[in-house]
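Enquirer: Sequence:
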Amino acid sequence: MKHSTKKLKIVAVGGTFDEFHKGHRELLLKAFEVGEHVQIGVSTDDLVQKMNKPHLVATYDVRVEELKSFLRKNGVLERAEIVPLYSSYGITLTSEKLEGIVVSRETENVAKEINEKRKAKGLRPLKVFVIEMVPAENSTPISTTRIRRLEIDREGHLLKHSRSCSGIRRTTQCQSKR
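All residue numbers for the sequence shown refer to this note's numbering, where the first residue is 1 and numbers rise by one.
Just so you know, not all the hints are guaranteed correct.
Said to hold, decoys possible - Restricting the straight-line Cα-Cα distance to at most 20 Å, the calculated cross-link-like pairs of lysine to aspartate or glutamate (DMTMM-like) are:
#1 127 <-> 116
#2 68 <-> 33
#3 7 <-> 78
#4 68 <-> 26
#5 127 <-> 151
#6 22 <-> 108
#7 53 <-> 151
#8 68 <-> 116
#9 30 <-> 66
#10 22 <-> 33
#11 22 <-> 66
#12 97 <-> 116
#13 112 <-> 96
#14 9 <-> 96
#15 7 <-> 96
#16 22 <-> 65
I should point out that these hints are in silico values taken from the structure, not numbers from a laboratory.
Kindly produce the complete structure, drawing on both the sequences and the hints.
Expert: Laid out in structure tokens, this is it:
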């Protein structure tokens with residue numbers, strides 16, 4: 001079955017976008033593929049603290065700058081609006097203009113919750129686009145947690161364990177040489 005090439009006017013995508021990796025890039029590229037305008041929610045530092053992540057997370061400003069750099073490099077910055085996420089739902093429960101949401105398989109259940117809550121509020125449900133998790137070399141999904149544990153790099157290449165690689169930012173010597 002072939003999908004229509006007509007883009008939705010406004011779609012949403014959200015995340016923490018820490019250790020900006022291949023999975024994040026694919027998620028965002030899908031959003032720009034299906035939407036003319038993309039509202040990108042980025043978890044605030046306060047929200048990140050409430051999430052109890054098992055690792056350090058770069059500051060909101062650092063994460064947003066890396067995101068902007070990617071959007072600029074791909075020529076889509078002018079089609080994006082970056083908004084702070086104070087909750088996992090962001091603007092999805094209040095915006096009448098949103099038409100779709102792009103999520104990973106891992107967060108598909110959040111999109112379902114959003115649509116249930118939108119219906120309860122009398123808002124039109126969002127069209128949900130789900131991308132599969134992007135696998136690393138060993139077929140296990142790429143994740144920020146795995147990157148922070150120095151198991152893989154941002155492209156999903158396996159890393160050799162090294163005692164010299166630690167801290168919130170790895171040096172280039174710690175990253176895969178591929």
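Enquirer: Looking at the structure, which of the earlier hints fail to hold?
Expert: 5 and 8
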